[in-house]
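Dock chains U, D, B and Y against chain R, hints included.
Protein chains in written order, with our numbering: chain R, 14 to 570; chain U, 682 to 1006; chain D, 74 to 395; chain B, 173 to 473; chain Y, 656 to 961.
Hint data in this document are derived by calculation from the structure and do not stem from the laboratory.
C-beta atoms are modelled at their ideal positions from N, C-alpha and C, and glycine is treated no differently.
Keep in mind that a hint or two might mislead.
[Claimed, not checked] Across the chosen pairs, the derived CB separations fall in these ranges:
no., chain 1, residue 1, chain 2, residue 2, range
1, Y, 762, B, 253, 34 to 44 angstroms
2, U, 827, B, 378, 25 to 35 angstroms
3, U, 1001, D, 213, 30 to 40 angstroms
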Amino acid sequence: MEGLWKKGLAALSSTAVAVALLAGCGGGSTNNATSNSTGTNAGTPQKGGTINIDINDDVAHFDPAVAYDQGSWEFVWGNIYNQLLKYKPQTTDLEPDLATSMPEISSDGLTYTFHIKKGIKFSNGDPVTAQSFVDEFKRILTPSVQSPAVGFIDPAIQGADDFYKGKTKELTGVVAKDDYTLVIKLTKPQTFFTKVLAMPFFSPVDEKYIQSIGGDKAFDHKPMGTGPFMMQSYTPGKGFVLVRNPNYYDSSKPYLDEIDVHVNSNQESTALSFEQGNTALMDDYTQQIPAQYYLKWSAQSQYSSLLKKQPYMGIEYVGLNTQVAPFNNKLVRQAVEYAINKDNAVKLANGRGQVTNEILPPGIQGYVQQLGGQDDVNYKYDPNKAKQLLKESGVTNLNVTMIVRNRAPLTQIAQSIQADLNAVGFHVTLKQVGESDYLSQAESGKAQFGLYGWFADFPDPYDFLDVLFNSNQAPINNWANYKNPTVDKELQQAATMPDGPERYKLYDKIQDQILDDAAWVPLYNPVNTTIHQSWVNNYYTSPVMEDPLADLWVSKH
Amino acid sequence: MSDALLEISDLRTSFKSESGYMNAVAGVSLSLRAGETVGLVGESGCGKSVTSLSIMQLLPKTAKVEGSIRFQGKDLLAMKEPDVRKFRGNEISMIFQEPMTALNPVLRIGDQIAEPLRMHKKLSKRELHDRVIELLKQVGIPRPEQIVKEYPHQLSGGMRQRVMIAMAMACEPKLLIADEPTTALDVTVQAQILDLLRELQARNNMALLLITHDLGVVAEMCERVIVMYAGKVVEEGDVRSVFRNPQHPYTSGLLNSIPKLIGERERLQPIRGNVPSLANMPPGCRFAPRCPHAKDICHTNHPSLLDVEAGHKVSCWMAEEVAAR
Amino acid sequence: MSDALLTVSNLKKYFPIRKGVLRRTVGHVKAVDDVSFTVQKGETLGIVGESGCGKSTMGRSILRLIEPTGGEVKFENTNLTKLSKGSLRTLRQKMQIVFQDPYASLNPKFKIGTILERPMQIHGLYTPAERRKRVASLLERCGLDPSAAEKYPNEFSGGQRQRIGIARALTLNPSLIVLDEPVSALDVSVQSQIINLLEDLQEAFSLTYLFIAHDLSVVRHISDRIAVMYLGQTMELAESLELFEAPLHPYTQALLSAIPVPDPDVKRERILLRGDLPSPANPPAGCPFHTRCKDAKDICKTKKPVWKEVRPGHHVACHLYS
Amino acid sequence: MNNAVLEPSLSPAAGTAVKRRMSFWRFARRYPSVVVGGLIVLIMVLIALFAPVLAHYDPTRPLSDGLSQMGAPLPPNHKYWLGTDTEGRDVFSRVLYGARVSLEVGFFAGLISLFIGALLGIISGYFGGWVDMVIMRLTDMVLAFPFLLFVVALVAVMKPSVTNVFIAIGVFGWAQMARIIRGQVLAVKELEYVQAARSLGASAWNIIFKEVLPNVITPVVIYLTLAIGQNILLEASLSFLGFGVQPPEPSWGNMIQEGMAYFQLAPWLIYAPGLMLLITTIGFNLLGDGLRDWLDPKVGR
Amino acid sequence: MASYILRRFIGALVVLFGISVITFIIAYAAPGDPARLIVGAKAPQTVVDAVRHNLGLDQPLPIQYIHYIGRLLHGDLGFSYHNNLPVAELIGQRIGNTVQLALASWIVEVILGLPLGIFGALYHRRTADYILSFLTLVGMSMPVFWFGMWLIQNVAYGLGILPLGGVGGISHLILPAITLGVTNMAFYQRLVKSSMVDVMSQDYIRTARANGVPAHRVVTRHALKNGLIPAVTYAGMDIAQLCGGVVLTETVFNYQGVGQLAWQSIENLDFPVIMATVLIAAVFVVVMNFIVDIVYSLIDPRISLS
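Chain R with its partners taken away, still in its complex shape (with noise of 0.2 angstroms):
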């Protein structure tokens, strides 16, 4: 596996800080995420009407190419673009979207043929063909373009890696066979491939159009696609407003006329906002819930009625560089797990999180053990234990330092480590880091350890356990640095097989043995929180990062 791996999902993780009271949400479900159809209010959906919704920060990325953070994706993915397959609402389960049905797998399992539904067209007019699909990896295996996307097909798929260096003009992997059939050839098998296909990167585009404005670069400030919605103006920095696109082929969607997108980093005012009625609503993928305004709106019955928690696939964890002293003395790794207090972490993130013991987080297939809670599990906070643990292990320096990116309440939740560590022995030296920063340190492979987060791509297992353990993702995605030959191996082979109990079964083996080795502290799941305004109808999260604003409507204006 080679390419870009990933880089973005870290960044995802920053801003998406997670949350919620868990009362009893999200522990019972093992798939299928939760179905809290929060905003699904009774009535008939009406058409029209203007939203407002702040972002904290500019929207990196509109090129589906490149968009592979959780500020873009939130837009690209399903908004101004949409791709062969999609989620079905609120679940983890996929379905045909410009796709006429789920793909043809031949028995091989390496060849997947799509057929396109007829008759769509892009929000200028343009009609959507097959080539339409291909332009788009084309682009992506291009390396001008800068796609992040390239480790996803490379060498995934055939003839990807020879497009890529340059040595021919001819995807052979991916093919047009006429305007309404795409034939994609693997290399080997991949169970989680639709999946793969299901991101955002996998969009079609007009290639025309792109010329037309200038290329690649122009594109990613001037988006068009197929989706429900389409840019209507972009000013970076401030905002940008999405109205719909008239040749969205399901003509009944999107609801809304027109939302406006505000630049906002100032969580506090647009929660002000929210109150003065004017922001529709506030959620992780869009503007977080600060502390407290939860804490507050919590104890006010008319809000929280509107305060939905949801966990997604994402987990915050300490990860401890098994390459790098003392981190490298298996013994030290679990002193470190028995020394951290989770509740603490959870209290500190006013309880929007869920304390896990596990690598997959919860909605994601694999997540069986239902490790949090139970007593037989691997590790407990028992601070005598970890003196114990560090008196065994005969290290002495037990200087460190500690990654963090400076943002609330990860800054805190360290420093709540850093005491419990401190109070077994270390000496923690925490290390604020802005947020490239972040990325350069913890890739580097030279930092001892870090409060790391991680979200899904997609919901697979494989997208946790085979990216951030194998050692070939060592140290970019892998940032543990961890190896272990026969995890290698089992990884390896979990890829390819066949979807079911015994692939899960096998991910189950692998993650006792990472945590075993103590590579991760597992801290806990995020709870998306979210709240909408009483007028705001069908509103809900998908445990993916898609943000289906097209099911959006308002019975108010």
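Using the frame of chain R, we list chains U, D, B and Y on its own:
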């Protein structure tokens, strides 16, 4: 003395300080007739400048002025500020020691000279301009049309003092107080300025109160002289009478300590000691600690100002004794 | 009166006038322009002139407190202008200066004792005990109580401070003292005390004085000979009494006539000078005084008069006498 | 319109001589700023020195009962006098320890800028010429920099820490000091006692140390006092922006920053450190102002 | 006069040159490899090297500096590592906001500071002056960010009358402008006051009074112009102060200006943006100082001739 233009009686000016009020002027009485030139001499700290500023009421608010200052019969001290203002620059004008700092550096010469006229006379712009030019000509400034547009820093010290004089003369005052008008100037320039003052005074029949430490200037300019020491008048009289026949040991001491310009050089006869500080005034005669003739009474009681001959007064116990005899 | 202690020849001090973007030197203020004279051992040479005539600059150039632009200063046969800084520092013991402002000339942070001991310390003279003794005796000699050594300058009046300044000048046993307006800032009654003190000290320590002042009566009183300066140049130099009785130069005549005499009966004919002192940055050509001179002739405007001895010991630079 | 009218020696040896012995109360009435400002500074210094004695709790350690059930800070109560912070730590103890950082940075940064500023200012002022020109141009440059922005950038490059904060502040804070000292030196240099020392044969450095330095100390002390106040504010600003003192060490600036997220629910989080910061700065400013009135009677900046 | 201006101008250029050098050196000393930041961590070394070469980062420092200056002179401020936009565009979007804020706070400063300064001078050493002095002392001791938050809490949130932050109309400008203006206003009041007190004690004021000029006219006609000369100088010097304050104020109020951009780019170690903002602020200061010099020479007749 009913024809007095200015009559000051028992003027006491004091300044607030750490240790209460300090008397800078302690009971000064003097008078000026119209057209008369009177010299007020004394060393630094004797209160001569404070006296002049008391007349104009230009002292800071920390100063307390008591007694009476009658100008043409009206008591200036009893007046309110707006009424006093009608006299300043109009009936009574003043020029100061430092022509370098007494002019506003950012205003044009012409505007500055016109200021008292604007305050006290209702003149049209044209008239104002003409009057300013005329004044400048009067004080002997060449190229007046050009000078009015210039700024003080473009002029020499002597020229600036002429401008100051022009300003003071603007409203043709009845009394001009000149506070050390030539101290900052060179002798040759001083001679010019003194000449100018004399000429203007004669022309306008203006009284001149000339404050100086330079006995030479007094001798040349004045009819009468008042000698002050440590806030009090010690001797007063006709210039010739005082210079020829000084009655107060301080006056004669001053005259003796000046090197002569003519004749053989003799050893100087200085007054011993130093001027007392305001905070530390001797109780009796304030000159007693430095006086070669001091007696016991001098150290305890202050002598009053007595006539020794017509118009020649002195404040000294020796003179009192002579008078008593 | 045969041996010269100090010989000044063609001394010049020009201050550059810089103008323009590059601060080029576009001209010079000729503060001291070609001045020559000698001072005999034990005498007092008075230097008079109006403000801006360059007399103070000259005093300081002689001591090389300001580096002269040209000319030569010979002190006891040593050429000061050629001396290295180090040797100059040693020689400074013999030449001292007393300043005008008694308030600014004493470091307010030091006790009088320290101020007076400092010169001896700098030159490493005497033991500490000797220094203290010497300070006490100097104070006494200058009319102050030896207890003054323990006080700070601000506890003294102007006259007393000037005495301290003089005492400091004496600490190193100098032979020459430049007195730069030493009594100008003092009250008349105190001024005479200081003059008397200076006279006494001169006699006691056989000092040579260069007495710079603008007050003509004081200069007349104290000086053996007097030099009159105008715009950086010497106009006239003569025995003190002769200069006052028979001034030759029109400028000297005007200057002397301008002095007010404290005697109401003396009425003198005053020579009023026209106009102002020309700027030293742009002095008139020829005789610098010609613009204001009542006797100016055509030659005065173009040719600079020569400095010559018209009578024994009486020098003048004026075309009237050539 | 005050002393200018009085003749120079109305009270002989005016100014300095007058302030001989004065009773404390009279002094306090005449220079209340010195006394009040000095008192505030003294109290802050004492707080900083005795923080370990005065604080009830470890300022860096979260308390087991320091947060509410929902993870919210606790309001002031009999146990935690100023409440607890977002981390569940005792705000009172943190505020006390914060005084240490503030004073440390204020003082050391002040000293560094004083040292550099004094050195360059004296050289520039005393020797003049091209040296002066170069130094003054350099000063212009430093003054033209957006100070805070630059210090932030510098700390970001050097890695945030207390030491780096005062180095950065000190290294770029000297310019004003250099200007002031240069001005003083220029003024003092022309005074006759300096000329007198030259005429006595004293060397340049001897003159600088013996004659010039003692006489520029007063304005320097005054400026230093004011500069310490400004440095404290600057440190707080840096910590507020996240480039100063790093958690869990408390600094008033980072405390305010941490409390910002709770400004409605837990106003004590920003009021406690904010008021301490304000009072301390007021203290130094008062003291500096008062010292100026007292030691340098000439009104001026 | 022309030579005076030219000389100041050359002086300003020298200062700017020095600033660009210092900024450049600091950026060079910055941690992290810009090329790496641009292409991402996983890119092969060959790609990184190619980018390095394209950016000229493989050249010796002085050459790099010359190129940097060359680009600057063409108005090219570089490309943001973080936002993937030309720095000039990023700053262009925001500079208007910052200028508005700076101007608004400057108006607060002058409109309040100037009259209060004159007032303080007229009531020098009286109760009103003492009270005012104390208030301005508090003002200049006020931590900008704290005061901003106090306003947000008590005015914007508490009274609910003004926006909490962000950019918009005048209403968005009021609180940040007050925040930023108050400290400077306090300094300004003190400066104007001490300058006026100084002027009021000058001999020429006594001259005016001796001419019978009434008090108000003494102030307006004889004192003000003199007193304003340092005030003008300060108002210009103030810009430097303002630049620092802008960073804090914009951060607290989420005001989308250059200050906030600067802070964010420092957090992201986005050095092209940092360098550009520092440089622009410095240019601003230098230009303001230059303007002040000229204004100064216009209002003070003593300068214009020399």
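So, going through the hints one by one against the coordinates:
For residue 762/Y and residue 253/B, the Cβ-Cβ distance of about 42 angstroms falls inside the hinted range of 34 to 44 angstroms, so the restraint holds. Evaluation of the 25 to 35 angstroms hint for residue 827/U and residue 378/B yields a failure: the beta carbon distance comes to about 52 angstroms. Distance hint check: the CB atoms of residue 1001/U and residue 213/D are about 39 angstroms apart, consistent with the given range 30 to 40 angstroms.
In the structure shown, a violation is registered for the earlier hint numbered 2 alone.
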